[in-house]
Structures are given as C-alpha cells and as structure tokens.
Amino acid sequence: MIAADNRLVLGDVVTSWADLADAASLPDPVAVCTDDATTAFAAVRHHVDHDTELLVASRSRVDEALRVELIEAGFALPEDGVPAHRAADPGRLWLLTSGSTGRPKQVAHTLAGLTTVRAPQPPRVWLCPYSPGTYAWWQLVTLSLAVPGQDLVVPSTVDDWVSAAVTHRVTAVSGTPTFWRQALYRHGDELAGLALAQLTLGGEPVDQPILDALRHAFPAARISWIYASSEVGAAVVVHDGRAGFPASWLDRDTGDRPRLSVADGELLVGSPHRGLGQPELVRTGDRAELSGDRVLLPGRVGRDEINVGGTKVSAGTVREVLLGHPAVRWARVTGRRAPLVGQVVSAEIVTDGSVDTVALQRFAGERLAETAVPRHIRILSEIPVKETLKSDV
Numbered sequence: 001m002i003a004a005d006n007r008l009v010l011g012d013v014v015t016s017w018a019d020l021a022d023a024a025s026l027p028d029p030v031a032v033c034t035d036d037a038t039t040a041f042a043a044v045r046h047h048v049d050h051d052t053e054l055l056v057a058s059r060s061r062v063d064e065a066l067r068v069e070l071i072e073a074g075f076a077l078p079e080d081g082v083p084a085h086r087a088a089d090p091g092r093l094w095l096l097t098s099g100s101t102g103r104p105k106q107v108a109h110t111l112a113g114l115t116t117v118r119a120p121q122p123p124r125v126w127l128c129p130y131s132p133g134t135y136a137w138w139q140l141v142t143l144s145l146a147v148p149g150q151d152l153v154v155p156s157t158v159d160d161w162v163s164a165a166v167t168h169r170v171t172a173v174s175g176t177p178t179f180w181r182q183a184l185y186r187h188g189d190e191l192a193g194l195a196l197a198q199l200t201l202g203g204e205p206v207d208q209p210i211l212d213a214l215r216h217a218f219p220a221a222r223i224s225w226i227y228a229s230s231e232v233g234a235a236v237v238v239h240d241g242r243a244g245f246p247a248s249w250l251d252r253d254t255g256d257r258p259r260l261s262v263a264d265g266e267l268l269v270g271s272p273h274r275g276l277g278q279p280e281l282v283r284t285g286d287r288a289e290l291s292g293d294r295v296l297l298p299g300r301v302g303r304d305e306i307n308v309g310g311t312k313v314s315a316g317t318v319r320e321v322l323l324g325h326p327a328v329r330w331a332r333v334t335g336r337r338a339p340l341v342g343q344v345v346s347a348e349i350v351t352d353g354s355v356d357t358v359a360l361q362r363f364a365g366e367r368l369a370e371t372a373v374p375r376h377i378r379i380l381s382e383i384p385v386k387e388t389l390k391s392d393v
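Position one of the sequence shown corresponds to residue 1 (UniProt numbering), numbered consecutively onward.
Hints may be right or wrong, so weigh each one.
[Stated by the list, open to error] In silico DSSO-like pairs for lysine-lysine, Cα to Cα no more than 30 Å straight-line:
hint, residue 1, residue 2
1, Lys386, Lys312
2, Lys390, Lys312
3, Lys386, Lys105
4, Lys390, Lys105
The set of hints was computed from the structure by calculation and includes no laboratory data.
Start from the sequences and build out the full structure, keeping to the hints where you can.
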C-alpha cells in the first residue's frame, strides 16, 4: 500500500501518487535520465506498480561516458531510443553516488531499504529541491510514498524555491548546508514568509555556525541534521541543535539501528539501510574527531588535512572559525602550494560586504595557531552551488 492521496506539486503540475498510476509505460530494466520532475515521479510510480529495475538520474548528470556505461550494463534509455538488452532484476533500484570523489558509481538498493520512515508523522508539506535520483531525493520520495499526510513540492528551479514554498504553504524543507547558506544569503527577508515546522540538512559537513543561523531564522522549527550516503544509507540523525553527534553513540549495541565507529580518524558505519552488496561495516572516507562529548565530521579524510611545514592543520576547523565571523556567509578552505613550508592555508569566502580580508585574517589569528591562519583569502560574489546542492567544502 502507498499513500496514494499525498499531493505532489511538480513544478507547474499538481498531481498525486494516485493520479500517476499508469502515467508511464517503461521498458525493464530502464534508466530514466530526465530533468523533468513529472517524468521522474511517474517512473517511480511505475516501479512501485510493476516491481521493475529502475535507475533515475537527472539528464545533466549523465555525460556521454556514463551513458555508455548504462547501455553496457543493459539498461534501456527510452529518451534516446536505446532498448534494454538483458533480463531485469525485479525490484532493484540503482542510485548514482554524488561523484564528489571521482566518477559517479552505481549503488543498488530496494524501495524497502530506501524507506527509512514508516511511522505516522505530523502532516507536512515538504520542499524537495534535490535532483532526481539522488539519495536525498529518494528519502523524500519514499517518505511521501509510505506515510499519509506527507505532500511534496518540487520547485521549477532551485533559485525560485522560496516563492514556490510560500505559494504552496511548505512547512518542511530539506537541503544541504550550502543550500541553506545560499538561502540565508540571498533570501533572508523572504524566508520570514515561511512557517516551517521542520528543516533538515545534510550531505556536507554540518557546523555550529549554520545550525545557529538556522535557529535564529526559524526559532519555532525542529532542526535536524542527517548523515547519509548512497552507500551506507541514513546513518545519523541529530535533533539537539549541536554540530556532530554524541560520543556515547560510538560502538554501542544498537539492534537494528546503524552502528558507528571511528578507526584511524575515519568514520565507520554499519547500517541496515546500506546499499545491496555493501560491506557490513563501511569505511565512509569521512574524517571523525572527538571534541568533548561530541564526534565531529569536519570533512573528507585526506582532503581535510593541510600540511604547513610539518604541522597538520584541519581545513574544517579553519573553515568553522571563519564561519564564526558574523559577516561571513560561506567559506571553503584548502591548502596552497608554497616554497619552504610545502603548503599554506588558503580560503575562499562570501561575505555580506562589511568586512575585508585583513580584518578576517586578524579575526582568525585571534582564534587559531599561526600556521592555521589563512595566508590567502579570496572574496567571491556568490556562493558556488553544484547541481547536487553542494559546493565541495
């Protein structure tokens, strides 16, 4: 059974899961590569009704090399007139990883495995800003499929999401930290028109400054951050308004809940929601560090560490300090090659225009060791956002 009466606002199309029955007639197995929300949702309804093998991805994510991979894997590509050329694996769903650490990989799931919420929930109208086929997109899709009263609004464009949210009386929004930083930077006044009861963020490092900024903007909302990926599924959900998760969650006997461990500074996750064929304990590639009673996840292993003359500097720590300045709206910190010391700390930032680089270096110098203070700061005019709503911070 599905929550057939849940409303779906797909750009300019207002429909429901019930209305989408028989809206698509697709081969099997099939890769639906589309930027059209109605086409993507119709493919999901077709999968539910016919137990097909399905991959959904935005058209813009599928370059020629990936298109060839999908054809070689036996998928039909109906928009390109390519037929399927193997038997389907009934009920199999395929997700593409974000590709932030290389080319996107295909990860197998099932609808049951992707459905992490089944219990009754307060009625909500959710904004879904994600590209079709991403893990976060599937989380909202399965929520609306499984739980009555969970309507979805997919804006025609992400840039216009606030207008769509106001028009359709959205009460819950899910996005990445970059999505939320951009919203606060671009649409600060407009956000006051939203009466949000729930907002979530994930997909990137979630630091205290963004949690505090969202609490200030939406004092009545429950704010949750989620650690999830295509490989491990949803693994961590935190509602207490603090960055990181409680250290007491490490290595505990959790029954059917995800198991969390840290080894050599890396987060390991054993999740019942992991992709099919994934190891029982997945090395996530995300750095984990203990800070008091919390485990913080500042960035990727190998990418978070900057070696300044033999001293190891955490890019995530520097970034959080910069974001603690009231004028800074977004920051990215990297290592830059330098003679003698090998690397120095470099930063790109977006501000409200009330601070210069000298003041920011002084601010950082009062809070960081000398080796961690950015020697080069570049001010950008806009927050860079990829199709995945991330910015490679």
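Evaluated hints:
no. : hint            : result
1   : Lys386 / Lys312 : holds (29 Å)
2   : Lys390 / Lys312 : holds (26 Å)
3   : Lys386 / Lys105 : holds (18 Å)
4   : Lys390 / Lys105 : holds (18 Å)
Hint compliance for this structure: every hint is met.
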